[in-house]
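Following the hints, position chain B against chain Y.
Number of protein chains: 2
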Amino acid sequence: MYDVLVVGGGPAGISAAVYLQRFKLKVIVIAKDYGALGQTTHIENYYGFEAPITGKQLVESGFAQARRLGVEVNVGEEVLAINGSEPFIVKTNIKEYHAKVVLLATGMSRPSLRVKGFTTLQGKGISFCGICDGFLYRNKRIGLVGSGDFMLEELDVLKNFSKNITIFTHGEPLKVDVKEFAVITEPIIELLGPETLTGLKTSNHQYELDALFIAAGTPSASDFAMRMGAFVNPKNEIEVSPTFSTNIPGLYAAGDCTGGLLQISKAVRDGAEASLAINKYLKTKTS
Amino acid sequence: MYDVLVVGGGPAGISAAVYLQRFKLKVIVIAKDYGALGQTTHIENYYGFEAPITGKQLVESGFAQARRLGVEVNVGEEVLAINGSEPFIVKTNIKEYHAKVVLLATGMSRPSLRVKGFTTLQGKGISFCGICDGFLYRNKRIGLVGSGDFMLEELDVLKNFSKNITIFTHGEPLKVDVKEFAVITEPIIELLGPETLTGLKTSNHQYELDALFIAAGTPSASDFAMRMGAFVNPKNEIEVSPTFSTNIPGLYAAGDCTGGLLQISKAVRDGAEASLAINKYLKTKTS
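Chains as they are written, first to last, in the working numbering: chain Y, 1425 to 1711; chain B, 1425 to 1711.
For reference, chain Y alone in the conformation it holds in the complex (with noise of 0.2 angstroms):
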């Protein structure tokens, strides 16, 4: 059992984790990859760096100066699901981890899918979580975008509702075993309406749908949010307090993932103040 699992090894998290491994706790950070960071080619503007350096430096610098300090930092590793409560069941591409707190630091949420009809559409028979809205689809035509393992966990929901179920990789080949659904590789142009989702066009095809929902990709931070029943605004940002706890205790979510600056400083910032608020929630609980 952990005190805390953090989702993402970026600023946030790393920072996070670095202040919560100092009140003594026991904590471990799950980082898919080096994120929106790692892609970054020229920093100069985080405080106390002379010379400009990469994101990658950057966030490997993060990593180590983690471990360094006893965290245990597991790069390359995917979570697909959050469960439970108090503690969290964390299910990832490797294992399970039981946590009692979790802090959500994936950064920015990915983009949408951008096709004609998607804006539009949204909420209109487009969904981007099966726990919350599947059962409004029972034995109705679902489609399903995604090809790897996060589309697979939302499938394994979606099948309890309906097995009339479509898979969209929009372009991706396909990374997973479906079983028995049907797959559909080519990528989708164009969702279809008016008023509601009525199908979608791919470049050879036509499909009609009553539901759509999206697991392409990789979870984001909003993804688990939601499912969790955490509130999340309509630009997708996790809506959290001054202290960065969510709407269900024992979740936090910090950095890029919760809106405001996309800065390094901030997210740096966000993890440090959610690890004080996440220490004096634990110290609260056991107490």
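In short, the hints are calculated from the structure, not lab data. Ideal placement from N, C-alpha and C gives every residue a C-beta, glycine not left out. Be aware that one or more of the hints could be misleading.
Some chain Y residues near chain B, calculated using beta-carbon distances under 7 angstroms [claimed, not checked]:
#1 Pro1435
#2 Ser1439
#3 Val1442
#4 Tyr1443
#5 Thr1465
#6 Asn1469
#7 Tyr1471
#8 Gly1472
#9 Glu1474
#10 Ser1485
#11 Ala1488
#12 Gln1489
#13 Lys1690
#14 Val1692
#15 Arg1693
#16 Ala1696
Just chain B, lined up with the frame of chain Y:
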């Protein structure tokens, strides 16, 4: 004429200056010394540094980072007074500067005079601002605590109100020429009440006073802020909006002097946020 003059060369001031410079504004940082951070020997919780660093290293990296980007950074220069408004006239021990915006980032306010009676008599005959309160003590017996340039500035104000002024250096050697005024160098032991200040005791003597003005050491951010009419809370923290503006147009404050978490990460982020607001403010004024 500078667009922005930053008082303080720590994480908040330098972080802001770096952003402001990148907004192509004309920025100068005036740093009296290495600040509280410069005294810190072992920093391991500021994100991005694998091995522990000293405060001195971090402060120097900050200076170098800002200078590399073209920011003028004057270390060892001390701001003594800030007057006027839009432009502000900033007087240092070396010269005078004009700036459209001033950002106060001088770190935490120095400790108050730690002698018996200080806490109970604060605001009851004890003042931190001659411009604010001098008028209340016209032709009264005034004590003035201090030994350097800051005290001299305050003396210049107070002597317009009373000729009966005694300087108390509180154990420090007198560093400036105060001409005709009496100077007591013994440490102050107790401030005398009981309801309002009636005098003070040194090791050898007792002095009757109607008011005691404190101008010891260097003026803190809250000293400047108070003199300019900005709101300062009872904890001596400058009150700022979420964008780090004070109630005085063009006067901003960031970092420890505004309260909250006294951590590098918070100061760095404050500076970044303040710079965005300052840039916007200057754009609005010139458009």
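How the hints compare with the structure:
1. Pro1435: Hint holds; Pro1435(Y) Cβ to chain B Cβ min 5 angstroms, cut 7 angstroms.
2. Ser1439: At about 4 angstroms, which falls below the 7 angstroms cut-off, the nearest Cβ of chain B leaves the hint on Ser1439(Y) intact, so it holds.
3. Val1442: It holds, given that the least Cβ distance between Val1442(Y) and chain B is near 5 angstroms, below 7 angstroms.
4. Tyr1443: holds, 6 angstroms
5. Thr1465: violated, 16 angstroms
6. Asn1469: holds, 5 angstroms
7. Tyr1471: With Cβ-Cβ at 4 angstroms, under 7 angstroms, it holds.
8. Gly1472: holds, 5 angstroms
9. Glu1474: This hint holds: Glu1474(Y) lies near chain B, its Cβ roughly 4 angstroms from the closest one there, short of 7 angstroms.
10. Ser1485: With a minimum Cβ separation of about 5 angstroms from chain B (threshold 7 angstroms), the hint on Ser1485(Y) holds.
11. Ala1488: holds, 4 angstroms
12. Gln1489: holds, 5 angstroms
13. Lys1690: holds, 5 angstroms
14. Val1692: Nearest chain B Cβ about 4 angstroms off; hint holds.
15. Arg1693: Cβ of Arg1693(Y) sits 4 angstroms from chain B, so the hint holds.
16. Ala1696: holds, 5 angstroms
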